[in-house]
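A.B. asks: Here is how the chains run, residue by residue.
2 protein chains.
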Amino acid sequence: MAQDKLYARRRLESLGYPLPPFLHVTDREEVTGFQDTHGYPLTAKAPRGGYDGRGVWRLDDPEEVDRLLEQAPDGLIVEPTLSILAELSVLVVRSTNGERVIYPAVETVQRGAMCREILAPAGVSPEIAARAAAIAVDVAEDINATGVMALELFLTPDGLLINELALRPHNSGHFTIEGCATSQFEQHLRAILGLPLGLPSLIAPAVATVNVVGGKSGTDPARHLPDALAVPGAHVHLYGKQARPGRKLGHVTVCGQDPEPVLAAARLAVEALEGDVR
Amino acid sequence: MAQDKLYARRRLESLGYPLPPFLHVTDREEVTGFQDTHGYPLTAKAPRGGYDGRGVWRLDDPEEVDRLLEQAPDGLIVEPTLSILAELSVLVVRSTNGERVIYPAVETVQRGAMCREILAPAGVSPEIAARAAAIAVDVAEDINATGVMALELFLTPDGLLINELALRPHNSGHFTIEGCATSQFEQHLRAILGLPLGLPSLIAPAVATVNVVGGKSGTDPARHLPDALAVPGAHVHLYGKQARPGRKLGHVTVCGQDPEPVLAAARLAVEALEGDVR
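These protein sequence lines are chains P and V, in that order. Per this note's numbering, the first sequence starts with residue 1, numbered consecutively. Per this note's numbering, the second sequence starts with residue 1, numbered consecutively.
In case anyone wonders, no lab produced these hints; they're calculated from the structure. You may find that some hints are simply not true.
As the list makes no split between identical chains, a pair holds if one copy fits it or if it spans any two.
Stated by the list, open to error - Derived pair list, reagent style DMTMM-like, types lysine to aspartate or glutamate, alpha-carbon separation capped at 25 Å:
| id | residue 1 | residue 2 |
| --- | --- | --- |
| 1 | Lys-216 | Glu-127 |
| 2 | Lys-216 | Glu-63 |
| 3 | Lys-248 | Glu-186 |
| 4 | Lys-241 | Glu-186 |
| 5 | Lys-45 | Asp-227 |
| 6 | Lys-45 | Glu-29 |
| 7 | Lys-45 | Asp-66 |
| 8 | Lys-248 | Asp-61 |
| 9 | Lys-216 | Asp-52 |
| 10 | Lys-216 | Glu-99 |
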């Protein structure tokens, strides 16, 4: 469940969860049948090893299918392009002694198949948020997850569909470090050590996290740290990774009363960090 | 100013700050004159090296004076027993580039000459809190402090008096780790590195920190960690120090809406940690 997207999808499908249509393909003919039904562009995903937009491709025509399949030893998972109203993520934590907590559902914003922004709580109706939480809890119970589990969902005109499952502390949960009474990392340790779980509640009405992504020049965002720290309330995290284009190098979290100013402040700090990078 | 209490007191007195009466004594005759004016019990402090109640003694009679002076190469600072309504602490942070922030004044509760509880904000009038902050800011400016400075004050029937000055992140500032937008430790680093300072604001209306102190049996409080973590909202810090009677071994912070339940929860977790220790 943690490492093989195809296995995870098939298991979740067999358990009756709502998923986008998908097909595992190993040659072009199989793709042709799928695209006859759904049309281009399609999304293709490597069953193993993908993260941060790696292992995810947009397919616009049959030639791209051939090229990708040549480099895909495990084949590809293809999905149609969905009409997505919002993307959500829910963290569920289950401990070895049977305790469970659920963090507030968050809204994630992707660019280039990579999560760029996280807003907590999600800007969706309480009913949608509750439904997303219920699905995530059911999945965690069904697969007997231990520790932090993140379930990413698409909100579509037809309802919620499961996008991805991560059995680990997750990028969409970094907002919990400053934004919640207990961070996902502390919670994960409590869970796997069988210690009582902490409160998952938000410490402020609105929390935004924006990821710092490496740009073309490869400049280290730490060069711009003073500018980012000058943004009031900006909690700056740099991972000490070498700067490479498209690599997640850090994130900034801001907590406050309203979503708009909080998100604006986090973006401002991230723009400063990315500076001449982008 | 950081290491010699006698030097600090004399300098603060010469700058016109309100201090309790004090006298530096090296023999019993000098103490006799001071106690003629103020009476027993007196408080005696070592000019150097004291912390967490070490280097502070209560003097009840002249024999104790003799005994202490024999072991006091730098002499002793003696103070009268004051009528104390409350003890306050104010953290001021000054950066190498001239920025300055002030944390909300907190109330500290001592037992056995050691700080046991910290409540933020202090339960005093806004006027008293503002006056304490003003004194702390003036001291920081006058002595050109860099980094985190903690000023401890007594609230007496005659007004505020300076108790101790600490030129470092301080035990009375541990509440800032979870209780404020920026912890005193991050703030200290920002300050001495010349980076912009962070917001010192509280993240909740009430924050309480209670220290974990070693008891007679020398039992490690980590043995009781599960019981402490079961207290909702308890942020447990254990310092990994060997348990010894009277040694500060950790602290617990709880954030919430009202001082009473927040303090009660922190105490509950600390009682669990001290468990059979005390």
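A.B. asks: If a hint holds in the structure, say so; if it doesn't, say that too.
C.D. replies: Hint check:
1. Lys-216 / Glu-127: Neither. Shortest intra-copy (42 Å) and inter-copy (55 Å) distances fail the 25 Å Cα cut-off.
2. Lys-216 / Glu-63: neither (27 Å within a copy, 77 Å between copies)
3. Lys-248 / Glu-186: For Lys-248 and Glu-186, both the intra-copy (22 Å) and inter-copy (23 Å) Cα distances are at most 25 Å.
4. Lys-241 / Glu-186: both (22 Å within a copy, 21 Å between copies)
5. Lys-45 / Asp-227: neither (37 Å within a copy, 45 Å between copies)
6. Lys-45 / Glu-29: within (17 Å within a copy, 87 Å between copies)
7. Lys-45 / Asp-66: The answer is within: 14 Å in one copy meets 25 Å, while 82 Å across copies does not.
8. Lys-248 / Asp-61: neither (29 Å within a copy, 67 Å between copies)
9. Lys-216 / Asp-52: So Lys-216 and Asp-52 pass the 25 Å test inside one copy only (17 Å; across, 53 Å).
10. Lys-216 / Glu-99: Neither: 45 Å inside a copy, 34 Å across copies.
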